[in-house]
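Student: The primary structure of each chain is shown beneath.
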Amino acid sequence: MKFRHLRHIRIWIAIIFFMLTAFLFLDFRGSGVRAVAGEVLFLQFVPSLVKFLDNAAAGAAGFIAVLVLTILFGRIYCSTVCPLGTLQDIISRFAPGGTLSPKKMPGNHVAPGGTLSPKKRPKNHGFSWSSLYRLSFCRFSSYRFFFLKPNNFLRYSILFVTALLFLTGSGLMLNLLDPFSSLGRILTNLVRPLVIAVNNLLVPGAEILGTHFLYLVRWPALFPISMAVSILTLILVGLLSARQGRLYCNTVCPVGTFLGLVSKLSIFRIRIDPRACMGCGLCEAVCKAGCIDPGKKSIDVSRCVGCFNCLAVCPAGQALEIENIWMAEKNGPGRGAGNKGVGRRGFIFGLAAGGAVMAAGGTLKTGEAVTAAGGAVKSGEAITAAGGAVKSGEAVTAAGGTLKTGEAITAAGGAIKSGEAITAGGFLKDVTVPQTRPTIIPETKTSPVSPPGSVSTARFSSTCTACQLCVSVCPSRVLVPGFLDYGISGIMQPRMDFRYGHCNYDCTDCLEICPSGAILPLSREEKQRVQVGVAKFILENCVVHTDNTNCGACSEHCPTKAVDMVPYLDMPDRKLMIPKMNPDICVGCGGCEYACPTKPFKAIYVDGNPVHRAVEKPVEKPVEKIIDVSEDFPF
Amino acid sequence: MDRRDFLKKTISGGIAAGSTLVFPKIDGLWADSRGDVKTDWDLVAVRGGEPGPMFDRAIASLGGMKSFVPKGSKVLVKPNIGWDVPPERAGNTHPALVGRIVEQSLSAGAEVVTVFDHTCDNWIRSYQNSGIEKAVKDAGGKIVSGDSEGYYQKVEIPMGKRLTRAKVHEAFLEADVFINVPVLKHHSSSMVTIGMKNLMGAVWDRWYWHRNDLHQCIADFASFRAPDLTVVDAYNVMTRNGPRGVSVNDVVSMKAMVLSRDFVAADAAAAKLFGTEPGDVRHISIASGMKLGNMNLQDLSINRIKL
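Listed in order, the protein sequences are those of chains A and B. For the first sequence, counting from 1, position 576 maps to 576 in the working numbering; every step adds exactly one. Numbers in the working numbering are just positions in the second sequence, counted from 1, shifted up by 635.
Rather than coming from a laboratory, the hints here were simulated on the basis of the structure. Note that the structure is predicted; figures quoted are calculated from it, not measured. Here a beta-carbon is modelled for each residue, glycine too, at the ideal position from N, C-alpha and C. A few of these clues could be false.
[Claimed, not checked] Simulated crosslink set (EDC-like; lysine to aspartate or glutamate; CA at most 20 angstroms straight-line):
1) B:907 x A:631
2) A:621 x A:570
3) A:621 x B:782
[Stated by the list, open to error] Across the chosen pairs, the derived CB separations fall in these ranges:
4) B:723 x A:90: 46 to 52 angstroms
5) B:884 x A:614: 51 to 57 angstroms
6) A:634 x B:695: 47 to 53 angstroms
7) A:13 x B:884: 24 to 30 angstroms
8) B:912 x A:210: 17 to 23 angstroms
9) B:688 x A:213: 32 to 38 angstroms
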């Protein structure tokens, strides 16, 4: 077998996975890439693991496949499936001063003796802040990569803390560090708005050319905190990868570290044959993981991401080979000895960490409800408290505002007459249109609203990895990036926010696509029987009550008529109807809240159900016979 | 499109629209000269057929599509596509009717027929599931998005009392001929929704209307640009739980259609079909009071057709 071609195969697989993943997040036109979403997302390690722990089903076994692959071939996941890994390769490839392609490696840097000239070899070993500085601001013109000592303390600490927090029901570290979710947030918060902006800039040009293929797309709501977190992630990942390939994967990424431990068991691994090796150092220079130690002629398998660049570049051809380590160990202990010293300690550590994560499956099942529920109560309280604080503040402002409002109303009252007079006179300048007065009673929201299919905010919070794919695919824009809506454990997890849209009654897009199973794939009928929250009506804010004019926007949008209009007041020229709530059939879609026109506070809003409830089907009475369907005309 | 181009188009569109307002009978007279059949009806009501054939009969009795659509004109057909519901739920205008109007406009010589709505539910889903997107495309029309504020231009509404300015879809401003194709249905906010209420889908900020005396705003906006023709779809009629409806049980089959150049008259006749007195629908009586049209059906010459 020609191992040189493995690199090309790896690159193509990586490109396919990366493109499909990116399209899933960026497809603002719904062009059909979601048909293969299941296949693309199946192998994503953390979402799949979380999904499996929540419900051990075959559809969630992607991470097991990854583990099996890792035990066979090492961390090839990191170089193919992981989209953040591929992003780093792309950044690294196009970073200034870098030539990654082995074909372009100049041969004249190989010293006559077959080793790298000492001047060319940087003395840098391992991760430190000074090395980060040097990596960031120094250029290496000839050799891009070099061997780095592993920073075992940092990488195992991060893995340990991430796993520990995850076991106790907190996604704090996992949400922030899972590579798939990190990339998802970068795509959702940064790239998607850019893509939409470019699209909208191209629309006028396309229309001049006579094509209507492009259309203006509504600008997505921007969430500063979520954007800031994405930018910080991108800066960290970008800087490290621009200077030293996969340093992030081998120092920060908990998935990389975990798979690194597993790969210490791997059967097939790359090995340097010390007898055939000329010591030219080309393999080291193309190793973006920095795991090839040319001095010892050994490869740190826990940090090798399986990119196969080294195989493609080795001039001796035979010096680098893929070895079956189990067969090798039978043949004699001497051959694989290079790794053993470092390996054993790490292996034991790894078994402990890995076992702990596995055990989490069992504990979560029973412990989850209790821990998570506890968490929910706390976060709920926190939110209420915070809400209370804000509200009292707002109430003061609002009260302050009312005085002015009163004046405004008087002024407006005067303006009606003058306005009419002016219109009659034919002068249209300076017409003051009477405006309805601002509302004064704030909404009291006690719980965030998690999407339908998430069962409860606690379950959602314990299973969502905050990749924000649901935010990207939500056609109604009602799912938005959150920050600490579910408490610190649920950092970055999305919520439903009815200021931006309402949940489409017949839509199940987020339920179908969620890669971690945080939003269960309910059928449309099942989804329509779920109550994620209940609408609450504030009569004093309602425009029908304050202005005695017809509205009913809330009832208009209500898909079940849980908000119905009932007679309120008969005035000489109008019959007023006012909303009446039937909470038993309210699904909490937020159509009422989104449509409610009052400012600054809504007259109707949805308060989340910490635990989703089942709703009754709307009662279907026979049609009232108010309409004459005979063949005659009533006029 | 730059600002000057836009102004040019708006003004020329306005002149075309204005001329049909000032000389509403001119096309009818012209059509008359071709035969003895009376074509100057104020209103045509049809019953008992499928949407397409009913429209064909009704438009023929108004002198044919050519009396509305000059050769080379830009036509806007504005159906109600507010909701993500299938045609049988009658939440949106019947796709067969929209398709037929597009077809007729094109064969009358229209340069382009544009269709859009500023939907309430997600626009892509509403366009698709209403069946209207397919019907328009099959008929050769152009269906455009109404979902981005970038498509909406600020206009003044000189006769408006509460609504004096609004952001209006550019397709609405650019069209030489404007055909309003509402569906008749129950409405939680305005009792019934017919033609004038359907114009709410041509503006960006609906919240303002709801906040500032909805019925007055509906009538105010109707004064901005009168449709050259209103075609009310009453084939399937949602009798309650409107405007979205809860299930097909809300719908009765009425197999009716109303056509008129006078949008107030069209709304009045459709209200009667629904079982409501036009005067009880406040925006109809306000519009009538503003002299935008005639809601007194007994004053009008009505062609009643049964298929």
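Student: Please flag the earlier hints that this structure goes against, numbers listed from lowest up.
Tutor: Numbers 2, 3, 5, 6, 7, 8, in rising order.
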